[in-house]
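Undergrad: Read off the chains here:
2 protein chains.
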Amino acid sequence: MNNIIEYINSNKKRYIDELVEFLKIPSISSNPDNKKDMLTCAKFVESKLAELGTKNLKIYETKGHPIVYGELMEAPGKPTILIYGHYDVQPVDPLELWETPPFEPSIRGEYIYARGSADDKGQIYLHIKGVEAYKKNNVPLPVNIKFLFEGEEEVGSENLEPFIKNNKDLLKCDYVLISDSPMYAYNTPSICYGLRGLAYMQIELTGPNKDLHSGSYGGSVHNPIQALAEIIAKLHDKNGKVTIKGFYDDVLKLSKTEREAFKKLKHNDKKYAKELGVAELYGEKGYSTLERLWARPTLECNGIWGGFTGEGAKTVLPSKAYAKISMRLVPYQKPEKIAKLFEKHIKSITPKTCKVKVDYLHGGGPAITPIDSKGVKAAFNALEKAFGKKPVYTREGGSIPIVVTFQEELKAPAVLMGFGLPDENSHAPNERFSLINYQKGIITSAYFFDEISKL
Amino acid sequence: MNNIIEYINSNKKRYIDELVEFLKIPSISSNPDNKKDMLTCAKFVESKLAELGTKNLKIYETKGHPIVYGELMEAPGKPTILIYGHYDVQPVDPLELWETPPFEPSIRGEYIYARGSADDKGQIYLHIKGVEAYKKNNVPLPVNIKFLFEGEEEVGSENLEPFIKNNKDLLKCDYVLISDSPMYAYNTPSICYGLRGLAYMQIELTGPNKDLHSGSYGGSVHNPIQALAEIIAKLHDKNGKVTIKGFYDDVLKLSKTEREAFKKLKHNDKKYAKELGVAELYGEKGYSTLERLWARPTLECNGIWGGFTGEGAKTVLPSKAYAKISMRLVPYQKPEKIAKLFEKHIKSITPKTCKVKVDYLHGGGPAITPIDSKGVKAAFNALEKAFGKKPVYTREGGSIPIVVTFQEELKAPAVLMGFGLPDENSHAPNERFSLINYQKGIITSAYFFDEISKL
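Read top to bottom, the protein sequences are chains A and B. Take 1 as the starting number for the first sequence in the numbering used here and just add one per residue. Take 1 as the starting number for the second sequence in the numbering used here and just add one per residue.
With the rest of the complex left out, here is chain A (with noise of 0.2 Å):
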């Protein structure tokens, strides 16, 4: 591993000079006018995976953007690493806010500022470069690689799902390694083992049969956004817990080690607060914020309406009222239950006054990859050796389906180690990667390679 490390930090200009090359092309996916440019990034892309000797290297073509794959099967019988990522940028506007163009990088200070230079043309190209360093210096590989970049992660991943379930024999791997994720905060490497799921409902609740005069009616009738208000506010008891029953069944505890890992990451919650415009924060007690936002399932509402909504004041009982509600789900929970259990518990809890009907929008499992796991232990290493200090355990209360799918349709867990900051901009003006965590991100790669195939 020294002639590699070595070999790394003496390579460290030409790296950021072949990132300025690949943040130049503008690849927004969401805009039809740089559909020719999102060609011309995957032909980038392919180019530098053919420098590795990549086999069945290929530009898939798609509904949309293409998908670039290309693997390095050359350590029989050692595990395979699948590298996920995406080539494609967010869009530019308010063009004005920027402070050097997005597509001509600028180096200033440890930054380099560009659209997609943390966000993840920075990210997927330092595991390129990973493992580069191991083909440079003629030492063999010591796991299965294989490449998977797609064009459309900004825009919905809408034809990387389907070519996942399609391509399962090609794609087949025992971890997912994903840097599309900011740290934890800086200088704090971080890896990312869990992420929440989610169940999406719709109610719909009926009172009268019409709209009615709130004079004429008022006072004989269950109004349904009165009805609707008692409901909701029945989903969760005096300690901001979810009433509905069942829905704690499959959650998996929170074990000590995480706890105690969470803990060490020292949440300011009164500078969140304050940053959230709060006088207090709100949740299930007995847990910590990072707790309710990890590792915690929750319910909130999206969305509500009924009645008159515009300016001014309408009398008018009306006979329907709405409220879109999701709940995030941990594991193991499962979306599909969770979405009965919610059902039959509205159900149970409707007056007999209204009539309700409840729909199953959408919904996602939540993730995780035990910090036991091979894969995390080899990330936990790489990125102590890489950056010189212990990483910190984060999860993350969003969901990214893709790692779902990868996880349900290849039964790959997923290792989530991000080499962004909160504060590199990532979707908005003036996007900027730093330099340092990208050199040490290379090194991190090439040490995970070895780190997983020594466990």
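Among the hints, erroneous ones may be present.
A pair holds if it fits inside one copy or across any two, identical chains being indistinguishable in the list.
[As the list claims (entries may be wrong)] Below 30 Å or equal to it, Euclidean Cα-Cα: the simulated DSSO-like pairs (lysine-lysine) are: (1) LYS352 x LYS274; (2) LYS78 x LYS210; (3) LYS253 x LYS314; (4) LYS135 x LYS210; (5) LYS411 x LYS58; (6) LYS210 x LYS238; (7) LYS344 x LYS241; (8) LYS35 x LYS344; (9) LYS334 x LYS355; (10) LYS238 x LYS270; (11) LYS355 x LYS78; (12) LYS263 x LYS347; (13) LYS234 x LYS340; (14) LYS264 x LYS165; (15) LYS377 x LYS256; (16) LYS63 x LYS172; (17) LYS285 x LYS210; (18) LYS238 x LYS355; (19) LYS266 x LYS238; (20) LYS347 x LYS234; (21) LYS266 x LYS352.
It should be emphasised that the hints constitute simulated quantities derived from the structure, not laboratory data. Everything numeric in this text was worked out from a predicted model, so none of it was measured.
Once you have looked at the hints, place chain B on chain A.
TA: Only chain B this time, still in chain A's reference frame:
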């Protein structure tokens, strides 16, 4: 009186012929194309008042349609009755549903079919004919009479309110007599002696200072939709009572006489629930449906909104949620006081996790003319004599702002003595008016003046 009644009974045909002429004028106040017809109609009314020998007869121009006023101040020392009504009518759409054209009056069975027949031309014309019967028989009028007919009731009486405020001396009276409402049921002479008032509020609840991602933040802050639902759910107790402190303090209790009178109306809860499509009615425990609708204050949610309300699933944890909430008031609740109590209460139950803004959008007082007042008693006697049966007492759940204006500006209580029927389609195609009730209405009108002069 015998001569007068005999005279009325022998003029049936003429009354109908004259009403037909009145109904032919397409006085749709909301249609600019009928602007000229509005004036024609006002002139028709004026000519009919002129035939009675009214003094101070005048068509008052307004920013909208004209007001017709005339008076017969021929009974010194006797009460003054202001007869209020409107000569404008509702639009006629959808025209294709009319069996005969809306402005070509057609008699079928006991009904005359035409737009405005019940609402309100037939009901104002019967008073003109009631007064005429005295004049034609050279019987001195037993009371002083003022006629006030507007042409904008169907579009909100915008110009009548300032007219009343600016002409308090001209309009000074002891009672306002209004026939612009339906009887409780067929062949059931009715007196409406109370109307509910209104205090209309808006709540804006703010949680976090911006819309958040429900995955990344769900579980750490109080969702304002949830908090709003929790607030609304607290506004009624388990007995359907409004929980606002002091809300019932000024409520005029239902007297034993009133409760018995309402009970006699034999409201059919089952049929009512079936018509509204609800399995069960809802309201304040300890009161019948009619009591709840007419004589008890209520709190209704007229609108609610917040977060994502479009198609599909957007995972927003919104910054704000809103509700429009109105309270129907009964004597002697005051809208301004109730609005303040509401605001205070909402603030007191808003959790520390959110900020709240409460606005008072609109209000109007309740109205009541006690059933032992001379006005109601005279109406009772007159209706009993004309219909040969005792009338019923009703109240109305809605508000009629102009009645409150009369009450507040002229200090004159209103007697609401309607001759329409609930199924006469006053705002729908095929509006009709029972000619039996028209004729009995003329007789009632004649009796009313006599009765009130004797009390």
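Undergrad: With 30 Å as the alpha-carbon cut-off, assign the pair LYS135 and LYS210 to within, between, both or neither.
TA: Cα proximity of LYS135 and LYS210: none, with 73 Å in one copy and 49 Å across.
Undergrad: Evaluate LYS285 and LYS210 at a C-alpha cut-off of 30 Å and name the case that applies: within, between, both or neither.
TA: between (42 Å within a copy, 24 Å between copies)
Undergrad: With identical chains treated as interchangeable, where does the CA-CA distance between LYS238 and LYS355 reach 30 Å or less: within a copy, between copies, both, or neither?
TA: both (27 Å within a copy, 19 Å between copies)
Undergrad: Is the C-alpha distance from LYS253 to LYS314 at most 30 Å within one copy, between copies, in both cases, or in neither?
TA: Between copies only: 28 Å across, 49 Å inside.
Undergrad: As a check of your reading, is LYS266 near LYS238 (CA-CA no more than 30 Å) within one copy, between copies, both or neither?
TA: Within one copy, since 26 Å is at most 30 Å while 44 Å is not.
Undergrad: Within a copy, between copies, both or neither: which one fits LYS264 and LYS165 at a CA-CA cutoff of 30 Å?
TA: Result: close neither inside a copy nor across copies, 39 Å intra and 72 Å inter.
Undergrad: From the Cα coordinates, with 30 Å as the cut-off, is the pair LYS347 and LYS234 best called within, between, both, or neither?
TA: Both: 12 Å inside a chain and 21 Å across chains, each within 30 Å.
Undergrad: Within a copy, between copies, both or neither: which one fits LYS238 and LYS270 at a CA-CA cutoff of 30 Å?
TA: within (22 Å within a copy, 38 Å between copies)
Undergrad: At 30 Å max between alpha carbons, let me know whether LYS210 reaches LYS238 within a copy, between copies, both or neither.
TA: Between copies only: 25 Å across chains, 35 Å inside a chain, cut-off 30 Å.
Undergrad: Measure nothing new, just compare the shortest in-copy and cross-copy C-alpha distances for LYS35 and LYS344 to 30 Å and report within, between, both or neither.
TA: neither (47 Å within a copy, 58 Å between copies)
Undergrad: How would you classify LYS334 and LYS355 at a CA-CA limit of 30 Å: within, between, both, or neither?
TA: within (27 Å within a copy, 35 Å between copies)
Undergrad: 30 Å Cα cut-off: does LYS377 pair with LYS256 within a copy, between copies, both or neither?
TA: Answer is within: at 17 Å inside a copy they meet the 30 Å cutoff, but 81 Å across does not.
In this structure, the earlier hints numbered 2, 4, 8, 11, 12, 14 are contradicted, and the remaining ones agree with it.
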